[in-house]
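Produce the entire structure from the sequences given, and follow the hints as far as they go.
Residue numbers (our numbering), protein chains in the order written: chain X, 1 to 648; chain C, 1 to 488.
Just so you know, these hints were derived from the structure itself, not from any lab.
In this text, a Cβ means the ideal position worked out from N, Cα and C, and glycines have one as well.
Some clues are possibly wrong.
[Claimed, not checked] Each computed SDA-like pair below joins lysine to any residue, with the alpha-carbon atoms no more than 25 Å apart:
1. C:K296 - X:F590
2. C:K443 - X:R162
3. C:K296 - X:R162
4. X:K363 - X:A568
5. C:K443 - C:S367
[Said to hold, decoys possible] Far from chain C, some chain X residues (derived; all Cβ distances over 12 Å):
6. F373
7. V474
8. E502
[As the list claims (entries may be wrong)] Listed next, the stretches of chain C that the computed footprint assigns to chain X, with coverage defined by at least 3 CB atoms under 8 Å from CB atoms of chain X:
9. 293-307
10. 359-371
11. 393-406
12. 415-428
13. 458-467
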Amino acid sequence: MEYNWLLILIPGLPLLGAALIAAGAQGRWNRSFLAALGCTAVFLAFVATVLVRLQYNAAAPFGSVHMPLWSWGVDGVGLGLLGDSISTWFALVVTGVGFLIHLYSAAYMADDPSYPRFFAKLNFFIFAMSVLVLADGFVGMLIGWANVGVASYLLIGFWHARPAAAAAAKKAYWVNTVGEIGLILGAIVMLQHFGSLYFADVLPQAWFAPQNVLNAVALLLLAGAVAKSAQLPLHVWLPDAMQGPTPVSALIHAATMVTAGVYLVVRAYPIFEAAPWGLPAVALVGIGSVLFGALAALGQNDIKRVLAFSTMSQVGYMMLGAGVGAYSAALFHFATHAFFKALLFLGAGVVIHRFGGEQDIRKMGGLGKSHPFAYWTFLIGTLALVGLPPLAGFYSKDAIVVGALMAGRPWLWALAVVGAGLTAFYMMRLFALVFTGDSPEVAAFQRGEGARQAAAAAEAGVGRSRPVPPLKMVPLVVLTLLSIVGGFFAMPDLSGVPGAAEGARLAAPPAHEAAVAGRVLTESSAATLTIALLLAVSVIGGGLALQRFGPKRAPQTAESGFVKAAGAGFYFDDFYRAVFVRPLRATAGFVGDVTEPHVIDGAVNGVARLAATLSGAVRRVQSGYVRRYALALMAGVAVVLIYFVLMV
Amino acid sequence: MLLSALLFIPLLGGLLVAFFPKERTREIKSFALIVSLIPLALVLAVWRQLDFSLPGIQLLERAEWIPSLGITYQLGVDGISFPLIAVAAVVLPLAILASFNIEHRVKEFFVWMLVLQTGIYGVFLALDYFLFFIFFEVSLVPMYFIIGIWGGERREYAAMKFFIYTLVGSAIMLVGILALYFGSGLEPRTFDVLVLAEQANLSPTLQWWVFLAFFAGFAVKVPIFPFHTWLPDAHVEAPTGGSMILAGVLLKMGTYGFFRFMLPTFPDAAKAFSPVLATLGIIGIVYGALAAMAQKDVKKMVAYSSVSHMGYVVLGLAAMTPMALNGAMFVNVSHGLISPLFFFMVGNVIYERTGTRMMDQMGGVFSSAPLVGAVTAFTAFANLGLPGLAGFPGEFFTFAGAFPVFTAFVIIGALGLAVTAGYHLWMMQRVLMGQPVALAVQKDLVGREVLVAAPLMALVLLLGVLPGIALNLFNEPLAVLAARLGGM
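Shown next as structure tokens:
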């Protein structure tokens, strides 16, 4: 407990880094130095996280590392930091993967004129995300929650002169505001009912609270989680968020920030478990997002948008895990997904640079021959995501799917298996289109197009034989290794988190058995069945994709109606524009153009005109004799006063 | 003596400025700034002397003035007035600093700015209705001239509208004050605010009428929907220094009137009126936000956002629970810091550089002037209530405190946050992002502008992380007030 101040360093160092870099950028300091500063701050935060985790391990299973900070002047509301099983698990991934992506960015963004600004914002994100996961109450979490939103806004809009980036940034923040309204109202209900917003006060009491309160809180918190984690139906911002630089997509919009919703559900699990509607709603959102994301990914042609919908789908698995009570499995999948999805995005960055900024996978191909390093790292990431043993995704995803069966929800289980098949299909499609077949130059040549076009295509692919620079290579290698061995890490458990002891004292709900389902994976027949099925659908899905989009792919034909709809994200954007955005704008326009000038001010002017006709004095005022009017009023007052004084 | 010094030093300074030669504009500006900084130093001294664990008035300064009419010169502070005085003491010098680019009739301008300050401090310090009313009116006249002489194109219309609105409101309030004076049943009669709050024995009917008369005066000042239409015009036309004071300080006179006079003196009428007040508050929040969203003029957008934010204060006042009152008071403070910063950025920085207030003619500030863009974005996020900055705690505690009383309104108000976020985001998209346009902001912030923005930004950040600093000032008096109102 003596070293609990180390907790402050985890958000503190990146915040300091962000401030220094911002100041340094203003003072035109050396760019490489500022980038190094950003990387160092996050690395030190990672070291601090490891030290906190070691302290926690010493205190586990029932202890935690706590650092109270400031009261907000109202009982039960204030800030502090808490290192326990859940928060240190998240913080390790946030700072660890965060550091790797900082390194990668140092190379990837090297040519950008706003290089220092990028690191300031990236450091700010690590700060906010650390606050989100380490806060010891809902207020601190809300501060982190909102500020990762700001970081996301600033980084999606990093190339702010581009109209598409500006629009995407606005959309992401706005959708998340809708979610935040849920969080704020949830916090208000909790404050009223529990008299506190600290986890240690609220969560143990949750088991004994009235059901309607719990239902309300659970659904309100879920609204926040759904928005931040890009789950159905508030997922619409995530594909657009790919307007941000690729390292941002890797860190914020794949590995860490979008899992904040999962963090919230697992952190507040006593509420979700005690609320009758809590877990079913979470599971429903989860499975819906698994299938929706996977289907939409099928129709995408932008490499980053495929990965974005894949993220939605994979976070859906985490939500599903939490929703069936398999919290450990959900946390586990968060970590493995962070490894392989960050790997895939960073790999996509290499691919995009190789093709001279092109992101359309239909215009790619044949990268395997010229770029074996990119080929192998991307392949391992893909297979880890598909869930092939012994790669990381196999263990974590299977633990979730088995958890669904163990929780007695065969329908969710079956749909989750279907989702795995779709996952294999869209990922292998992506992989095959980018890495197999002929390169665009060769393809152009074979199509018999003139030598000029072939030369132009070759021009676009300049540097294809240039080796990947070490700053990019190291993170890719480390993430590849983590994607391979990540499945052998010990699954986190929830003993010692706020509310767990009280929950355990109650009759252990079936969900708790599901939580350990991962460990008994190979012992139970249900698990064996699940594994066999998952492998089968993955092989079938992946095989079909390879056959269709692999080296012997058929010439491209017109897209079917379904693929078109999937490509358009099943028209959610159009729906929201028609149902929310346009009516809101119209209402505002009505207020601004009609009500305000004509109704309210009109009434005021009417009164003034009426007065003017009744009184010459007022007319003089309106022609500018205001001082005289003031004097007259004061005189009138004086007369009234004197009258009263004399009369009384 | 401390409070009297605080009160009259700006007036004295204003009189001294009148003796400066007209052409010595630099000296006039510097002198005005120094004079306006003295109250800030005195406020710090007052802070050290106050005990915020006590609910009552402290540092009382009292002298007989017109004994035959029961009029006294009486000043004092407590945890309700002190935060507003402190905000004024911060914002007023910064408004003067922001006005250093005034080149037209410089001497007069700074005389009015200093006279205005005495009016403002007087409103928050006076504990005698007669004295209060004088300051309430005194604060009106300088602002009329500041808008009317140094304002934009439609300055005369705006100044007149502002003046007539406020004057009509305060005239009705004056009738209320007189009715309270004569109807209190106290012998001898008195204008003493504290005595009247404690001992006035008004008949229920009279209490109602007096309450409504006060409401007329303060509702215009806040402004409460639908008495707000003077505000966008006044803000748009006022010079930046004037807008800063108007939004940061003058509006708070209205809500202060509720805290200091109306709720303690007419608790029964206030309770009976509270559903109406809450309804007007929630309409103000949502309607103000919608109107802000409709604006093409960025200064007008900020003006309507003030209408929306003052709606929170009104909702909190109507709910009357300790937490809601705390939240309302906190919004007073936070809006008192954020809105001057916002007006400074859009008025003094962006408008002065581009010559336009129309958002569709702006663009690309992030690219052409990064610091201007960063500070404007910071302000916008603070204003939309980002947790971690000062806009959030007040909103949160207002909603949390009002939730048990006006549950449906709080839900509507929370949904209104989406509109609030929407117009800020849209503004940033149009003004800050995109390609720099022909009228782009070319020059980044200069030293003087940094000096105006930095203190406000620091306080906005500080109060966002540690709202307890402010809440602990007024926790105790508001708890007493809530108990008097029979709240929870």
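Evaluated hints:
1. C:K296 - X:F590: holds, 14 Å
2. C:K443 - X:R162: Satisfied, since the Cα-Cα distance of roughly 22 Å is no more than 25 Å.
3. C:K296 - X:R162: holds, 22 Å
4. X:K363 - X:A568: holds, 19 Å
5. C:K443 - C:S367: holds, 11 Å
6. F373: With a cut-off of 12 Å, F373 of chain X remains clear of chain C, as the shortest Cβ separation is near 36 Å.
7. V474: holds, 31 Å
8. E502: holds, 25 Å
9. 293-307: It holds: at least three residues are needed, and the stretch 293-307 of chain C offers 3 whose Cβ sits within less than 8 Å of chain X.
10. 359-371: holds (count 5)
11. 393-406: holds (count 7)
12. 415-428: holds (count 10)
13. 458-467: holds (count 3)
When each numbered hint is compared with the structure, no violation occurs for any of them.
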